[in-house]
Amino acid sequence: MVRVRGSGHGNLHDRRRFLGAVGSLAAAGALSGCGSPVGQAFTGSAGPPSLLNFWHPFTGGDGAQLDAMQSAYRKENPGVDLKTTTLVWGAPYYTKLTLATLGNRPPQIAITHVSRLPTLAASGLLREISGSELEEHGLTPDRFKKAAFRSAHHDGRLYALPIDTHPFVLYYRTDVAKKAGLLDEAGRLTDVDGPEKFLDALRAAKQATGVWGGSIATVKDPATCWRLFWSLYRQLGADLITDGGRKVVMDVGAAEEALAFIHRMAAEKLIPPGADGDGGAITLLTSGKAGFLMDGEWQLLAVQGAVKDKFDMRTFPRIFRDAPYACAADSHAFILPSAPSEKAQRAGKALEFARSMLDESLLWAKGGHIPAWQSTERSDAYHRLEPQAHYRDAADSAAYDPAAWYSGADSNLYRRFSDVVSSVVGGDTRPGPGAARMRAAIKDLAGMEAPV
Amino acid sequence: MSTSTSVHLGAGTGAPATGKPGGGPGSGTARWTASGMLLPFGFFYVLFLLGPLVYTAVAGFFNDSLVKDGTGEWVGTANYAEALASPEFWSSLGHTLWFTVLTTVPLILLALTLALMTDRFSRGKWFFRLAFFAPFMLPSSVISLLFMWIYADQIGLAQGVVKWFGVNAAPSWLGDPDWAMISIAAATVWWTVGFNFVIYLAALQEIPRDVYEAAAIDGAGPWQRLRLVVIPMLGRATTLVAVLQLVASLKVFDQIYMMTNGGPDDATRPSLLYIFQTGFTDGRAGYASTVALLLFVIILLISLVWFALIRRTEKEG
Amino acid sequence: MTTLTPAAPPSTPQTEPSRSRRRAGHTDSERLFNRVVLGVLIALALLWLVPIAWAVATSVRPPNDIATDPTSWLSENSTLSSYQEILSAGRIQYWYVNSLITSSLTTLLAVCTTSLAAFALSRLNFRYRRPVFLVILAGVMIPPQLLMIPQFLTLQATGMLNTYWAVILPQVPNVVSVFVFKQFFDGIPVELTDAARADGASWLRIYWQIVMPLSRPAISAVTIFVFVWSWNNFLWPLLAVTDPQMMTLPVGLNSVQDAFGLPQAQLMASAVLGALPLLTVFLFFQRRIVEGIAGTGLK
Numbered sequence: 001m002v003r004v005r006g007s008g009h010g011n012l013h014d015r016r017r018f019l020g021a022v023g024s025l026a027a028a029g030a031l032s033g034c035g036s037p038v039g040q041a042f043t044g045s046a047g048p049p050s051l052l053n054f055w056h057p058f059t060g061g062d063g064a065q066l067d068a069m070q071s072a073y074r075k076e077n078p079g080v081d082l083k084t085t086t087l088v089w090g091a092p093y094y095t096k097l098t099l100a101t102l103g104n105r106p107p108q109i110a111i112t113h114v115s116r117l118p119t120l121a122a123s124g125l126l127r128e129i130s131g132s133e134l135e136e137h138g139l140t141p142d143r144f145k146k147a148a149f150r151s152a153h154h155d156g157r158l159y160a161l162p163i164d165t166h167p168f169v170l171y172y173r174t175d176v177a178k179k180a181g182l183l184d185e186a187g188r189l190t191d192v193d194g195p196e197k198f199l200d201a202l203r204a205a206k207q208a209t210g211v212w213g214g215s216i217a218t219v220k221d222p223a224t225c226w227r228l229f230w231s232l233y234r235q236l237g238a239d240l241i242t243d244g245g246r247k248v249v250m251d252v253g254a255a256e257e258a259l260a261f262i263h264r265m266a267a268e269k270l271i272p273p274g275a276d277g278d279g280g281a282i283t284l285l286t287s288g289k290a291g292f293l294m295d296g297e298w299q300l301l302a303v304q305g306a307v308k309d310k311f312d313m314r315t316f317p318r319i320f321r322d323a324p325y326a327c328a329a330d331s332h333a334f335i336l337p338s339a340p341s342e343k344a345q346r347a348g349k350a351l352e353f354a355r356s357m358l359d360e361s362l363l364w365a366k367g368g369h370i371p372a373w374q375s376t377e378r379s380d381a382y383h384r385l386e387p388q389a390h391y392r393d394a395a396d397s398a399a400y401d402p403a404a405w406y407s408g409a410d411s412n413l414y415r416r417f418s419d420v421v422s423s424v425v426g427g428d429t430r431p432g433p434g435a436a437r438m439r440a441a442i443k444d445l446a447g448m449e450a451p452v
Numbered sequence: 001m002s003t004s005t006s007v008h009l010g011a012g013t014g015a016p017a018t019g020k021p022g023g024g025p026g027s028g029t030a031r032w033t034a035s036g037m038l039l040p041f042g043f044f045y046v047l048f049l050l051g052p053l054v055y056t057a058v059a060g061f062f063n064d065s066l067v068k069d070g071t072g073e074w075v076g077t078a079n080y081a082e083a084l085a086s087p088e089f090w091s092s093l094g095h096t097l098w099f100t101v102l103t104t105v106p107l108i109l110l111a112l113t114l115a116l117m118t119d120r121f122s123r124g125k126w127f128f129r130l131a132f133f134a135p136f137m138l139p140s141s142v143i144s145l146l147f148m149w150i151y152a153d154q155i156g157l158a159q160g161v162v163k164w165f166g167v168n169a170a171p172s173w174l175g176d177p178d179w180a181m182i183s184i185a186a187a188t189v190w191w192t193v194g195f196n197f198v199i200y201l202a203a204l205q206e207i208p209r210d211v212y213e214a215a216a217i218d219g220a221g222p223w224q225r226l227r228l229v230v231i232p233m234l235g236r237a238t239t240l241v242a243v244l245q246l247v248a249s250l251k252v253f254d255q256i257y258m259m260t261n262g263g264p265d266d267a268t269r270p271s272l273l274y275i276f277q278t279g280f281t282d283g284r285a286g287y288a289s290t291v292a293l294l295l296f297v298i299i300l301l302i303s304l305v306w307f308a309l310i311r312r313t314e315k316e317g
Numbered sequence: 001m002t003t004l005t006p007a008a009p010p011s012t013p014q015t016e017p018s019r020s021r022r023r024a025g026h027t028d029s030e031r032l033f034n035r036v037v038l039g040v041l042i043a044l045a046l047l048w049l050v051p052i053a054w055a056v057a058t059s060v061r062p063p064n065d066i067a068t069d070p071t072s073w074l075s076e077n078s079t080l081s082s083y084q085e086i087l088s089a090g091r092i093q094y095w096y097v098n099s100l101i102t103s104s105l106t107t108l109l110a111v112c113t114t115s116l117a118a119f120a121l122s123r124l125n126f127r128y129r130r131p132v133f134l135v136i137l138a139g140v141m142i143p144p145q146l147l148m149i150p151q152f153l154t155l156q157a158t159g160m161l162n163t164y165w166a167v168i169l170p171q172v173p174n175v176v177s178v179f180v181f182k183q184f185f186d187g188i189p190v191e192l193t194d195a196a197r198a199d200g201a202s203w204l205r206i207y208w209q210i211v212m213p214l215s216r217p218a219i220s221a222v223t224i225f226v227f228v229w230s231w232n233n234f235l236w237p238l239l240a241v242t243d244p245q246m247m248t249l250p251v252g253l254n255s256v257q258d259a260f261g262l263p264q265a266q267l268m269a270s271a272v273l274g275a276l277p278l279l280t281v282f283l284f285f286q287r288r289i290v291e292g293i294a295g296t297g298l299k
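Residue numbers (my numbering), protein chains in the order written: chain A, 1 to 452; chain B, 1 to 317; chain C, 1 to 299.
Calculated directly from the structure, the hints in this document are not laboratory data.
Small disclaimer: the values here were computed from a predicted structure and weren't measured.
Any given hint could be a false lead.
[Claimed, not checked] Short derived list, chain B residues pointing at chain C, Cβ under 7 angstroms:
(1) Tyr45
(2) Ala57
(3) Trp74
(4) Ser141
(5) Ile299
(6) Leu301
(7) Ile302
[Said to hold, decoys possible] Capping the alpha-carbon separation at 35 angstroms, the derived lysine-lysine pairs in DSBU-like fashion look like this:
(8) Lys269/A / Lys163/B
(9) Lys163/B / Lys289/A
(10) Lys163/B / Lys308/A
(11) Lys443/A / Lys68/B
(12) Lys179/A / Lys83/A
(13) Lys125/B / Lys310/A
(14) Lys289/A / Lys146/A
(15) Lys269/A / Lys197/A
(16) Lys146/A / Lys83/A
(17) Lys146/A / Lys68/B
(18) Lys310/A / Lys179/A
(19) Lys178/A / Lys269/A
(20) Lys75/A / Lys343/A
(21) Lys366/A / Lys178/A
(22) Lys68/B / Lys343/A
(23) Lys349/A / Lys83/A
(24) Lys146/A / Lys443/A
(25) Lys308/A / Lys247/A
(26) Lys310/A / Lys178/A
(27) Lys178/A / Lys308/A
(28) Lys68/B / Lys83/A
(29) Lys247/A / Lys163/B
(30) Lys163/B / Lys349/A
(31) Lys289/A / Lys197/A
(32) Lys197/A / Lys366/A
Heads up, the beta-carbon is just placed ideally off N, CA and C, and yes, glycines get one too.
Using the sequences plus the hints, can you model the full thing?
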């Protein structure tokens, strides 16, 4: 026994040293106190009351605007430790938001697309915002754009505070339009509403550029494909799903008609068969190879940066007259993910922050978005913004996504439908079979066991 | 793929194998002591491996939701029917297999070649080991950051190199559905070849030198020595490397999630990402469990084939 | 070939010199061939270092430099400003600490529990030893990644998500470690433990005072590998921890951006910073790590 111990002594020593090192490390973590981030990480506590966590998925132009908007709040609330986190956009963002809330440690306030709201709310992940809280922070319904505020509800309850409406719009090069004879005396685009008129305009622009008439991202960009289709489909007055996505009421004829129009643009080679969403479509406009661009208004800063004032914007054309004018749109909104306790929720502080951000809406509008905050939307300062002023009516005709667990920003619905749109533009699918494929896809999605 | 390390753990070396379990057969204290000693590990094992496996098998028959309490309602084999009829299930499985083919084959051949070349030199091995093995130590997110930059459109190194060779229209490495998986596989080969390289190198050093010499005396040229002596003696290492690689590739997730998140147009989405998306993004825990169980069965079958192969080679030996 | 023991291969030490002599004595053509092989090998090794070198080169370039000439290696005004930016953002420091704490505790718990279980399986004679062993053996074939949903639900039910424990606990049952330990313990002469038994020592005492001190190679192998594996684990911490301040290094590097979008130089600086810890570990423990891998399952 003694002999054994002796021979193993060196090893024993090393082992103790190793275990000791690991142990002291853990102890150091624990000792650094329950209030410290490391301590919190062991106990899972929500951190000091001064902490306000804010999550958003904005980078680029939007990110910079949002950053500027926060500085006012920071200045006025030096006692609040505002921690802003930018997370990668898209489905991963919503997955993270869901996991954080399920994991009892959501941010106190976060940005969502209202198109994702039905799923988040039905999953019980959001805290309802009460009327008295709205009063308290001066956030009463009359201070918001009507359509946007309505979209922030689920089952008649308010879960979000919209900051904008961001529609699908039409960009055009003023120099190309002028060359193509598409400008009136005031320098504004002539009437391009109606299928023939818009196609004529594209043809004229194609003549002027010598390459394409218009541009749209149909590759690697499911959202843009969806927005194009949804704008046209809604202009035809058709509905897609009801009952929270469980019942399909798709109008196959309308879908075919919408696809047929898309097909005409592509078949006449007025738009490129496969411009990508990583800048390809925009570059065609900014480099003068296309006169028009169909995209979201948030590309404003990018386009402006490239072509300065040689462009303008307007609402997406009214192609069909079967229903009131509609264009695909969504809204960004503040939500309060439900926290495990009121203490961790910090709803008052979060709403105060939201209010401060809404007051800075003009900065947000500079990035292209139409403010939901009425005192900004009605202000002269906003009305003077160009080209923002030329498409702000779109907010009143916003066609939001249909509510379903599989719809909304970067959703399965986008992926399935964009497949068809993309392939129609690429010339691989005819409108008829395309509409049939859409119907099969939506039936498939609606038939799945809903998780909410 | 780096997670495969857990399976490859080398044993401590040395110690002559003379031990036999003691403890006095049937002694009552031994039973209690044994239970006590197995308990801590058993606790974690049951809670985080065995239990979840049983749960996965059971949950596949319910419409369990991630965001609702309880296990949901019994739906029989509806989830299985949906999965087996779903083009997304099959396409993700197809991508997984395609990735497996794209990585396993070069990872074996390249590692073998590199090891054979390195084995010719008695000095400087540390340098080659460092160069080829170091990437294996890096976290998948570092790999993804590096290669997203290398593969970047217009400004990336890879397009620059291709252009330098006179190709004008360099593909969008991660953006082109036809190229994305190949690009990810190439990054993976760079990342993990060192592991197989090290195994082959060790196996090569185990080949007794007299075998070489005997073959040389018999008049075998270098190529024949390689083909007839060395490669067969590496059979066991090859089996090992192939199966570990196969199993690791079937579980690919990290680098694809980070570099393309399954895109473009789902062209790189592997099975595990499909499980992740249906389970955590869509919140369909029951359906995702079904898919997980199906993938488990596939991986299990491949593991069993491995054991069968090992058995056979051992018998032959 | 039945056992692969790189630490002391029986034949290598004697044959190594004779082998190089044999080579030295060979023909000119073989010498030329060797030189070509060496050239190719060095070229490949350098090629293998390119991605890392490229990241380092990018990370020290000023951002506007990259915009004007993205695929250039050198910059006239090299700067460490990107590193300063990353460090002053103050996130990566948390991720380092989080990774260090979770990996260390995972390793500690895994080493303790698996060695204890392996000791029982190796030394104690109890009734269900074989079935227990087989059940644990079967665990090798359960890929933990496939169990992410029930693991998540389990930790959610216990309210432990978004704590270190959520990251640590599911990584503890490392089945392979049990085998590494058992195999090693089987090799420790039974006389040692028998003698201690005769002296009246308890099994726990034998485990702690005799067997473990003798098992340093196994402990270090398991320590290194569990540590590296849990440090690099991505999928599970991605699910278990969502608070940016609590993320482990790999998850943080992937998830968090900057409102302005990080410039390439900063992305590469964070990649280099993310690579540093384990590269350092590798440089220090190169031999041990490589030997550990080489000993893989060939036994």
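Right, here's what the structure says about each hint:
1. Tyr45: Holds. Min distance 4 angstroms.
2. Ala57: violated, 10 angstroms
3. Trp74: Constraint on Trp74/B not satisfied, violated at 18 angstroms.
4. Ser141: holds, 4 angstroms
5. Ile299: holds, 6 angstroms
6. Leu301: Cβ of Leu301/B sits 10 angstroms from chain C, so the hint is violated.
7. Ile302: With Cβ-Cβ at 10 angstroms, over 7 angstroms, it is violated.
8. Lys269/A / Lys163/B: holds, 29 angstroms
9. Lys163/B / Lys289/A: holds, 24 angstroms
10. Lys163/B / Lys308/A: holds, 32 angstroms
11. Lys443/A / Lys68/B: holds, 24 angstroms
12. Lys179/A / Lys83/A: Violated: Lys179/A and Lys83/A sit about 50 angstroms apart, past 35 angstroms.
13. Lys125/B / Lys310/A: The given pair, whose Cα atoms are some 62 angstroms apart, is violated under the 35 angstroms limit.
14. Lys289/A / Lys146/A: Distance ~39 angstroms between Lys289/A and Lys146/A Cα, so the pair is violated.
15. Lys269/A / Lys197/A: holds, 16 angstroms
16. Lys146/A / Lys83/A: Since the Cα atoms of Lys146/A and Lys83/A sit roughly 31 angstroms apart, the hinted pair holds (cutoff 35 angstroms).
17. Lys146/A / Lys68/B: holds, 32 angstroms
18. Lys310/A / Lys179/A: holds, 13 angstroms
19. Lys178/A / Lys269/A: holds, 21 angstroms
20. Lys75/A / Lys343/A: holds, 24 angstroms
21. Lys366/A / Lys178/A: It holds: about 26 angstroms lies between the C-alpha atoms, which stays within 35 angstroms.
22. Lys68/B / Lys343/A: holds, 24 angstroms
23. Lys349/A / Lys83/A: holds, 13 angstroms
24. Lys146/A / Lys443/A: holds, 32 angstroms
25. Lys308/A / Lys247/A: violated, 47 angstroms
26. Lys310/A / Lys178/A: Distance ~11 angstroms between Lys310/A and Lys178/A Cα, so the pair holds.
27. Lys178/A / Lys308/A: Within the cut-off at roughly 16 angstroms; holds.
28. Lys68/B / Lys83/A: holds, 30 angstroms
29. Lys247/A / Lys163/B: violated, 52 angstroms
30. Lys163/B / Lys349/A: violated, 55 angstroms
31. Lys289/A / Lys197/A: holds, 21 angstroms
32. Lys197/A / Lys366/A: Holds, because 31 angstroms separates the two Cα atoms, which is no more than 35 angstroms.
When held up to the earlier numbered hints, the structure conflicts with 2, 3, 6, 7, 12, 13, 14, 25, 29, 30 and fits the remainder.
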